[in-house]
Amino acid sequence: MFSKVLIANRGEIALRIILACKEMGLKTVAVHSEADRDSLHVRYADEDVCIGPAPSRQSYLSISSIIAAAEITGADAIHPGYGFLAENAHFAEIANECRLTFIGPSPEAIRLMGDKAKAREMAKKSGVPILPGSEGPVKTYSDALDVARVIGFPVILKAAAGGGGRGLRICSAEVDLQGAFDTARSEADRAFGSADVYVEKYLERPRHIEIQIFGDHHGRIAALGERECSIQRRHQKLIEESPSPVITEDLRMQMGEAAVKLCKAVNYVNAGTIEFLFQDGQFYFMEMNTRIQVEHPVTEEVTSMDLVKEQIRVASGAHLTAPNGHFRLRGHAMEFRINAEDPVTFAPHPGRIREFHVPGGPGVRVDTAAYRDYVIPPHYDSMIAKLIVRGKDREETLARGRRALDLFIIEGVKTSIPLHRAILDEPRFIRGDISTRFMEEFEW
Amino acid sequence: MNFKEIVELIEKVAELGVGEVEIEQAGTKLRIQGIPTPPAQVMSQFAVAHPMQQAIAPPAAPVPQLPPKTEEPEEAEAGLHIITSPIVGTFYRSANPESDPFITVGDHVSKGKVLCIIEAMKLMNEIESDIDGEIVKIFPQNGQPVEYGEQLFAVRV
Chain A
319 MFSKVLIANR
329 GEIALRIILA
339 CKEMGLKTVA
349 VHSEADRDSL
359 HVRYADEDVC
369 IGPAPSRQSY
379 LSISSIIAAA
389 EITGADAIHP
399 GYGFLAENAH
409 FAEIANECRL
419 TFIGPSPEAI
429 RLMGDKAKAR
439 EMAKKSGVPI
449 LPGSEGPVKT
459 YSDALDVARV
469 IGFPVILKAA
479 AGGGGRGLRI
489 CSAEVDLQGA
499 FDTARSEADR
509 AFGSADVYVE
519 KYLERPRHIE
529 IQIFGDHHGR
539 IAALGERECS
549 IQRRHQKLIE
559 ESPSPVITED
569 LRMQMGEAAV
579 KLCKAVNYVN
589 AGTIEFLFQD
599 GQFYFMEMNT
609 RIQVEHPVTE
619 EVTSMDLVKE
629 QIRVASGAHL
639 TAPNGHFRLR
649 GHAMEFRINA
659 EDPVTFAPHP
669 GRIREFHVPG
679 GPGVRVDTAA
689 YRDYVIPPHY
699 DSMIAKLIVR
709 GKDREETLAR
719 GRRALDLFII
729 EGVKTSIPLH
739 RAILDEPRFI
749 RGDISTRFME
759 EFEW
Chain B
7 MNFKEIVELI
17 EKVAELGVGE
27 VEIEQAGTKL
37 RIQGIPTPPA
47 QVMSQFAVAH
57 PMQQAIAPPA
67 APVPQLPPKT
77 EEPEEAEAGL
87 HIITSPIVGT
97 FYRSANPESD
107 PFITVGDHVS
117 KGKVLCIIEA
127 MKLMNEIESD
137 IDGEIVKIFP
147 QNGQPVEYGE
157 QLFAVRV
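In order, the protein sequences belong to chains A and B. Per my numbering, the first sequence starts with residue 319, numbered consecutively. Per my numbering, the second sequence starts with residue 7, numbered consecutively.
By construction, these hints were calculated from the structure, which means they are not laboratory data. For each residue, glycine too, the CB sits at the ideal point set by N, CA and C. Any given hint could be a false lead.
To list a few chain B residues with every Cβ distance to chain A over 10 Å, as calculated [unchecked claim]: (1) I88; (2) H114; (3) D138; (4) V142; (5) E156; (6) V163.
Computed list of lysine-lysine pairs in DSSO-like fashion (alpha-carbon distance at most 30 Å, straight line) [unchecked claim]: (7) A:K579 / A:K519; (8) B:K35 / A:K732; (9) B:K128 / B:K117; (10) B:K128 / A:K345; (11) A:K322 / B:K128; (12) B:K10 / B:K35; (13) A:K627 / A:K340; (14) A:K442 / A:K555; (15) B:K10 / B:K143.
Each pair of labels, with its calculated beta carbon distance range [what the hints assert, rightly or not]: (16) A:P696 / B:K10: 30 to 40 Å; (17) B:A20 / A:S504: 49 to 59 Å; (18) B:S100 / A:R355: 23 to 33 Å; (19) A:M342 / B:E104: 37 to 47 Å.
Required output: the full structure, derived from the provided sequences and hints.
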């Protein structure tokens, strides 16, 4: 087991990782930018090292600063959290070369599954259903046209090196394809350094269903159930829940088996998520995220597992604690991402939090690094808390969500709390009749 | 805005029981927060990092149980230029254990003079002075780990 873990991240996930380390008796090192000197996770860690000025590129994305910080503090493992360097294969490689255990998958697995086109190929080879589309990137417009004609419009053009909802272009008809192709390529090049795009069938009303998987260094890989993340705005998730209202035990098993098969093909170790699109009873591989995800607490609540502790244990060589065989989910859980933004316009709203009252009671969990008088820095993402509620079924979970949101008092900055509260009163959401188009169609 | 003016401003805020004052002027931003009752309390931590940038340490977070953190930067005399570390690493006074230190207190240095080494990932980074002046104080011990922005030298210009 490690003696000292360096957390290469900030905000609520950095605190989450430190909490797991504290429970396991491991020493912690928080690295931070100048803007995060007064962060809760910095104050709670055993040691802290300032690694740069506020801009992420010079701090949280600075591989050399982070490795140097590990060196001077004598850390023997690094947890990258999510975002930042979590899916940077180069960082994982350097950490390993400096004899620091990177708590996550291997650099090879990150590299392979991080390439969207290659991941699609791997899925196809492993017999995992994929959306009809091009075999790898389409180099020319005429290639794109050929593929589109075969699979049928509407199609979507996706940056091979993209992710997080960026580098996508929907094309409804042949007449628009040339323009979409050219724009997609130039956007992809500018955003990700590679102009490669691939073409895929576009589903009109899919549901976003993802499977949590976990692998250990002894060859075992387990599927830990699904999360439905259909409530998204511009591909940024707002609400996640488990189980999905439409996934039957049978579908859960099929999707779990498909996910495990794919992960075995790339010798996947540690936490990962396979994202699927689900429509008309069919599921299709979309992409894989080779990291712990923001919404991991939803799975923790319906499996009674501590996924972050599991990550640390598995990285140090321990066996996966998930039982063999098909995993059964218990109860229902839902997460609401509380962002410092205008609930109507979604404009970010950083600033000083004047009041911060967190709800409690049965089945309520809040993952946050915010506190009263905390100044939300403008340099990073706007998420300030995650409210997770758990109940014996979806109905109880919704009721708990409503009263928990009512008593989550944040003043001084605008937050998405009113938006979540309104969604919980929306009849279609209550019925579970949702798709990734929900937020487009949502009205106050 | 000089040190004397800032102290006067702080005293005024305290005297008047003002809640919070924020002033921005020519690249300098200053925020003073008073506490209405009991008598106004003034921020005690005041780090002069660089003549172009003066910052008041933000108010301590109301999290009672957390232990005190790493030492705050030492207060420095007004008029001294502080050279801070541009990287994370280990501070060394000389090029190697056998050689003499690059500089000692009292030395006059010119801009570009190598003052110390900061080692990170097996690379020896030479840290140069960004100003002409006299070395008045050397903050870290030889072999001490330093973080980004940590005070290294005080130079009287």
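Item to check | Claimed clearance of chain A by E156 of chain B, with the beta carbon kept past 10 Å | outcome: Incorrect as stated: the minimum Cβ-Cβ distance to chain A is 7 Å, not above 10 Å.
Checklist entry - Is the Cβ of H114 of chain B more than 10 Å away from each Cβ in chain A? => result About 30 Å separates H114 of chain B from the closest Cβ of chain A, which puts it past 10 Å; holds.
Next on the checklist: Verify this label for me: V142 of chain B is non-interface relative to chain A, using a Cβ-Cβ cutoff of 10 Å.
Outcome noted: About 24 Å separates V142 of chain B from the closest Cβ of chain A, which puts it past 10 Å; holds.
Checklist entry - Is the distance from the Cβ of S100 of chain B to the Cβ of R355 of chain A consistent with 23 to 33 Å? => result holds (31 Å)
Checklist entry - Hey, K10 of chain B versus K143 of chain B, does the alpha-carbon distance stay inside 30 Å? => result holds (23 Å)
Checklist entry - Can the restraint linking K35 of chain B and K732 of chain A be considered satisfied, given a maximum Cα separation of 30 Å? => result holds (25 Å)
Next on the checklist: Check the hint pairing K442 of chain A with K555 of chain A against an upper bound of 30 Å on the C-alpha distance.
Outcome noted: Roughly 26 Å between the alpha carbons, so the hint for K442 of chain A and K555 of chain A holds.
Next on the checklist: Quick check: does the Cβ-Cβ distance between M342 of chain A and E104 of chain B fall within 37 to 47 Å?
Outcome noted: For E104 of chain B against M342 of chain A, whose Cβ atoms are near 43 Å apart, the range 37 to 47 Å holds.
Next on the checklist: Against the 30 Å threshold, does the CA-CA distance of K627 of chain A and K340 of chain A hold or violate the hint?
Outcome noted: holds (10 Å)
Checklist entry - Is 30 to 40 Å right for how far apart the beta carbons of P696 of chain A and K10 of chain B are? => result holds (32 Å)
Checklist entry - Is it true that the CA of K128 of chain B sits at most 30 Å from the CA of K117 of chain B? => result holds (26 Å)
Checklist entry - Given the hint that K322 of chain A pairs with K128 of chain B, does the C-alpha gap stay at or below 30 Å? => result holds (21 Å)
The structure fails to meet hint 5 from the earlier list, while all remaining hints are met.
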